[in-house]
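*Asks:* Knowing the structure of chain F, use the given hints to seat chain Z on it.
Listed below, chain by chain, are the residues.
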Amino acid sequence: MAPVKVFGLKMSTNVARVLVCLEEVGAEYEVVDIDFQAKEHKSPQHLARNPFGQIPAFQDGDVVLFESRAISRYVLRKYSKSAGVDLLREGNLEEAAAVDVWTEVEAQQYNPAVAPIVYECLIHPAMFGAPTNQKLVDECVEKLRKVLDVYEARLSEHSYLAGDFLSFADLSHFPYTHYLMATPYASLFDSYPRVKAWWQGLASRPSAKKLSADMSF
Amino acid sequence: MAPRKLYGMPLSPNVVRVAAALNEKGLDFEIVPVDLRTGAHKQPEFLALNPFGQIPALQDGDEVLYESRAINRYIATKYTEGPELLPTPSAKLEVWLEVESHHFYPHVSPLVFQLLIKPMLGGAADPVVVDKHAHELARVLDVYETHLAQNKYLAGDAFTLADLNHMSYLFCLSKTPKADLVASRPHVKAWWDDISARPAFQKTVAAIPFPPSA
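Chain order of the listed sequences is F and Z. Counting from 96, one number per residue, gives the positions in the first sequence under our numbering. Counting from 60, one number per residue, gives the positions in the second sequence under our numbering.
The following block holds chain F by itself, in its conformation from the complex:
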């Protein structure tokens, strides 16, 4: 079986979301770099893979996909059985519903609070020498505190977000949280002991440790 291809850069948050799933199921994959400097993401070849001109894109034989969460679901569905992992819980309606709720929570509650902090404090300064929009960061920190209040309560009841089992919902938090920990706002987690313990558990997984080595701006 040919390795699947992930088009993008290893340090990209949304690329890493797919890579952590590939690592967890032990699938063979190759990362095909996209040269943003050369505007390769807007080339006809890449737009054919991702019409929004973004990364990641993904290829498995004839299947070409984009949107990291869709790619991740595909990967987890394809390889979970042979890998002996069950990160979507699709055989159990109640568990799958919990995974889906917390996957949406990451996308609709957590990410909108964390992503701007990461972009303003880390990515924009590193890539464009842009100054930090501190007002935006402060607003997002307040949003994030409210989100973490809910996470702390949830993780007081269960060891992972969807229940007492690791799932895609937890893994989906890896990339942006990895970068949040490289900003001054890492210390926010000190006020949320269960969230902090949950994060440390995720970060110490072999998949996360392996990918972290290539994740810096």
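These aren't lab readings, by the way, just hints derived from the structure by calculation. Quick reminder that beta carbons are idealized off the backbone N, C-alpha and C, glycines included. What you were told as hints is all true, and nothing was included just to trick you.
Okay, the calculated beta carbon distance ranges per label pair:
(1) Z:Pro165 x F:Thr227: 19 to 27 Å
(2) F:Ala225 x Z:Pro103: 39 to 47 Å
(3) Z:Asp201 x F:Ala281: 35 to 43 Å
(4) Z:Ala238 x F:Gln229: 37 to 45 Å
(5) F:Ala292 x Z:Leu86: 37 to 45 Å
(6) F:Asp244 x Z:Gly85: 32 to 40 Å
(7) F:Ala292 x Z:Pro268: 45 to 53 Å
(8) Z:Gln209 x F:Lys173: 18 to 26 Å
(9) Z:Lys248 x F:Pro226: 37 to 45 Å
(10) Z:Asn210 x F:Pro139: 13 to 21 Å
*Replies:* Quick look at chain Z alone, frame taken from chain F:
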């Protein structure tokens, strides 16, 4: 079985997203009002259903769920009657579910808020916000136009959850001065005309209490 309860305001497009799915599956449900204007969504009774204090939430027997897209996955998975909303193979369907969430929604939602909801609350649309999101939504819909020239529905030949998840906001957009974003794109328009004519959706919109002027 206890009746299904959909918590929220009947006008809220995220609530209507779920109502549309329930109606496609022919399921009975009642809308339990949670009036955002009185802060009901931040009261302990509602936070017990959705700790993030947002509508909708769905109670289906013992199951309590929130996040409209997760609720719709649950409905599509649990109930086998009516159209198959999450058929397999599903890779393309999953892509377009995410496109709705990360490309369409971030721009259509603020547009609908500015042009429809804010005026209902006695406020005025902010033209800078409207122009920014209309411009971005236009670029997104250009991608849809190309895609729908090759595909009758977003996931291919059949109506799926990917199409359904767009309908509540497409309906609200059609009630604003930015309806032309859809009307001016022949394949997007044809797709919208087709899916909005579905009997289940006609039933869904009949229940939305739009003010007479809308």
